[in-house]
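Going line by line, the protein sequences match chains A and B. Note that my numbering numbers the first sequence so that position 260 is 260, with each residue one more than the last. Note that my numbering numbers the second sequence so that position 367 is 367, with each residue one more than the last.
Check the hints yourself; a few may be wrong.
Copies of the same chain look alike in the list, so a pair counts if it fits in one copy or across any two.
[Unchecked claim] Subject to a maximum C-alpha distance of 27 angstroms in a straight line, what follows is the list of computed DSS-like cross-link-like pairs (lysine-lysine):
id, residue 1, residue 2
1, Lys-157, Lys-308
2, Lys-59, Lys-32
3, Lys-44, Lys-54
4, Lys-75, Lys-59
5, Lys-81, Lys-253
6, Lys-18, Lys-253
7, Lys-27, Lys-385
8, Lys-75, Lys-54
9, Lys-32, Lys-392
Rather than coming from a laboratory, the hints here were simulated on the basis of the structure.
Number of protein chains: 2
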Amino acid sequence: MPQISQRGNEMPASPIRKLVPFAEIAKQKGRKVYHLNIGQPDIKTPEAAMLAVKNWDVKVVEYSHSAGHLSYRQKLSQYYKGIDISVDENEIMITTGGSEAITFAFLACLNPGDEVIIPEPFYANYNGFATAAGVKVIPITSTIENNFALPPVEEFKALIGPRTKGIVICNPNNPTGYLYSKQELQSLREIVLENDMYLFSDEVYREFVYDGETHFSAMQLEGMESNVILMDSVSKRYSACGVRIGAFITKNKEVMATAMKFAQARLSPPSYGQVIGEAALDTPKQYFDEVYQEYIERRDYMVEALNKMQGVYCPTPKGAFYTVVRLPINDSGQFAQWLLEEFAYENQTVMVAPADGFYSTAGLGKNEVRIAYVLKIEDLKSAMKVLEEALKVYPGRTILSL
Amino acid sequence: MPQISQRGNEMPASPIRKLVPFAEIAKQKGRKVYHLNIGQPDIKTPEAAMLAVKNWDVKVVEYSHSAGHLSYRQKLSQYYKGIDISVDENEIMITTGGSEAITFAFLACLNPGDEVIIPEPFYANYNGFATAAGVKVIPITSTIENNFALPPVEEFKALIGPRTKGIVICNPNNPTGYLYSKQELQSLREIVLENDMYLFSDEVYREFVYDGETHFSAMQLEGMESNVILMDSVSKRYSACGVRIGAFITKNKEVMATAMKFAQARLSPPSYGQVIGEAALDTPKQYFDEVYQEYIERRDYMVEALNKMQGVYCPTPKGAFYTVVRLPINDSGQFAQWLLEEFAYENQTVMVAPADGFYSTAGLGKNEVRIAYVLKIEDLKSAMKVLEEALKVYPGRTILSL
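So that you can see chain A by itself, here it is in the shape it has in the complex (with noise of 0.2 angstroms):
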């Protein structure tokens, strides 16, 4: 029987598909789940967007361009000059979703055996691209007492060896919800010119900044040209993960060319997808208006309820739909399977994703989960009811002082 890979041994499962038997036996017990531990969005795929692909009318679903359909690159290099984004449709590729446009990112710009920095807890996913590409993950630790702040210049430094080529981001972040400021962009060019290195952002939660606070893109900072690389995505913006579009984004001019050449290996970008994303270009700021208060009203739900359970703390998150939360227990991923297993309050539970998952250092997250806030408000108040009284009688419940 031949061998799989050793990238296949290597490549990570997802921190959270452990936990889905557990699911199941909550559900066969009769109970309800709160699904606190995914980031798909119960939000509305805008109906004008949905109503472009009713009325596609083609004959035959053909390849598209490899870099995607040119009035669909124009209209988004529409849509970040409109943000402060300079770019033209030759420096924006279509991709099979964030997913893709991080896999070139890593394929064009990285050899096996390279480095890239990633301030940690980070998208756990990354770790699978990163393996799939062969290269390696170098974690810098942001702290929940730091409501996970960029750690500092020196920090990076220390870590910055002859193979580390690169430093990823998300901003806002997933599964922090921090916002970086642009003091912390300004950190980040420094240490990048400075070591001839990449920029990967990745900013699919754009538009969801809270209080006031902006967004400062990476492509915004100055004589960064070559070296930035912007990942970007519809699946969250127009609540439309299933229609798998993202943006590979540069204005480097050679990075381009070569992430094409992987681009027209595979062919093109989903067409349906690209007239959804193309069509949703003209959203109304109304549909971002109401997202925008919904989110905020869990949001602010959810930060108090949680920091009013004795020995928890939650930041607040300024951006995104998550947050990674401090509890009095010392293994999450006991806690989420206890909760899956064990608990039930009123016939509810929840399901909350630990944070370890989300750290390449081991150890940590074990008194942390994340919480991502989808649920409309009612259930959103239910769980955090759930996970009140879980906490109240958990046996693996330890005392912390804030």
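The hints should help you fit chain B onto chain A, whose structure is shown.
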């Protein structure tokens, strides 16, 4: 300025890509260009399948299961059972086009530095997927004199070294149109089992088989459950290239579990494409009968027309909708460029794919081109006339005795 990756440098550009600017020149001169160079069929996508997308009534376009919608996989399992391939829904993973199935196969089964043997000429993008995965392609030459039959077993055995971990076939073949016989598959079985290797079988043209021949699938080989990976796609079967839906199929549970980790990292295949793919499984036989009639008429016309031209040899392809044809020329790249840049017959010209791009061995394919018979018969007739006239006056014409 940071460097691009070595694999990015090594990544081959599409063999047709370099001709694109010359096609533009022809169009600027007001010439009609017949595209014999690409596998984009002009056949209509089945209407009922497209209607399924229009009628798909969801409010949120969510992620699907990473292996694809369960209902689709269940129905697909019935489709395979109907053609004597026994696989259940857990042995099928829906992928983003056949392209992603190939990528997952290489990532899950092969280590960087491992080798796969591929009969050449072969689908040029295998080079790209191999380069991305760090896999080395070892070509084994099939010849036009032999109508591109499978090379003898001894030639395979002579190429097998310690890093040889698999054989890749495309059956029916792109670019040659060759259909591998049951005996040829049995020969491959022997080699693969003897050397504990994988057999990666790309069968996306399965339905395009002519002259009463039947397709024998690698999945029908006995005692090969651990060795065979089937890579499939809806692109050609239903003329739906743009939906980007394929399948990764294996009875090897460990390989499937490993491929699933790569699939989970990229979250899910495109939702709209899955809807159309599932609905397309109900396409009535009449559709395929009409498509068959159309292709057989085109093929027969083309083969006869080509073989009537002086110094031209075209084997009769038994499957797919391509042929590799020998022309009285000694540089097919120059010839293809000349057709677009210089030549016109009644203000028309043709674009062909130089066959050297489908060979790994340097120097081969220089007097061959791939022709895709994806044009309606009137256009194909005109295109053949253009080619005939072009060969009469091409300055680089050679005299070949066949």
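Now the hints, each set against the structure:
no.	hint	in the structure
1	Lys-157 x Lys-308	neither (39 angstroms within a copy, 71 angstroms between copies)
2	Lys-59 x Lys-32	between (45 angstroms within a copy, 22 angstroms between copies)
3	Lys-44 x Lys-54	both (16 angstroms within a copy, 17 angstroms between copies)
4	Lys-75 x Lys-59	both (24 angstroms within a copy, 25 angstroms between copies)
5	Lys-81 x Lys-253	within (19 angstroms within a copy, 48 angstroms between copies)
6	Lys-18 x Lys-253	between (42 angstroms within a copy, 18 angstroms between copies)
7	Lys-27 x Lys-385	within (19 angstroms within a copy, 68 angstroms between copies)
8	Lys-75 x Lys-54	both (20 angstroms within a copy, 24 angstroms between copies)
9	Lys-32 x Lys-392	within (20 angstroms within a copy, 77 angstroms between copies)
Hint compliance for this structure: hint 1 is the single one not met.
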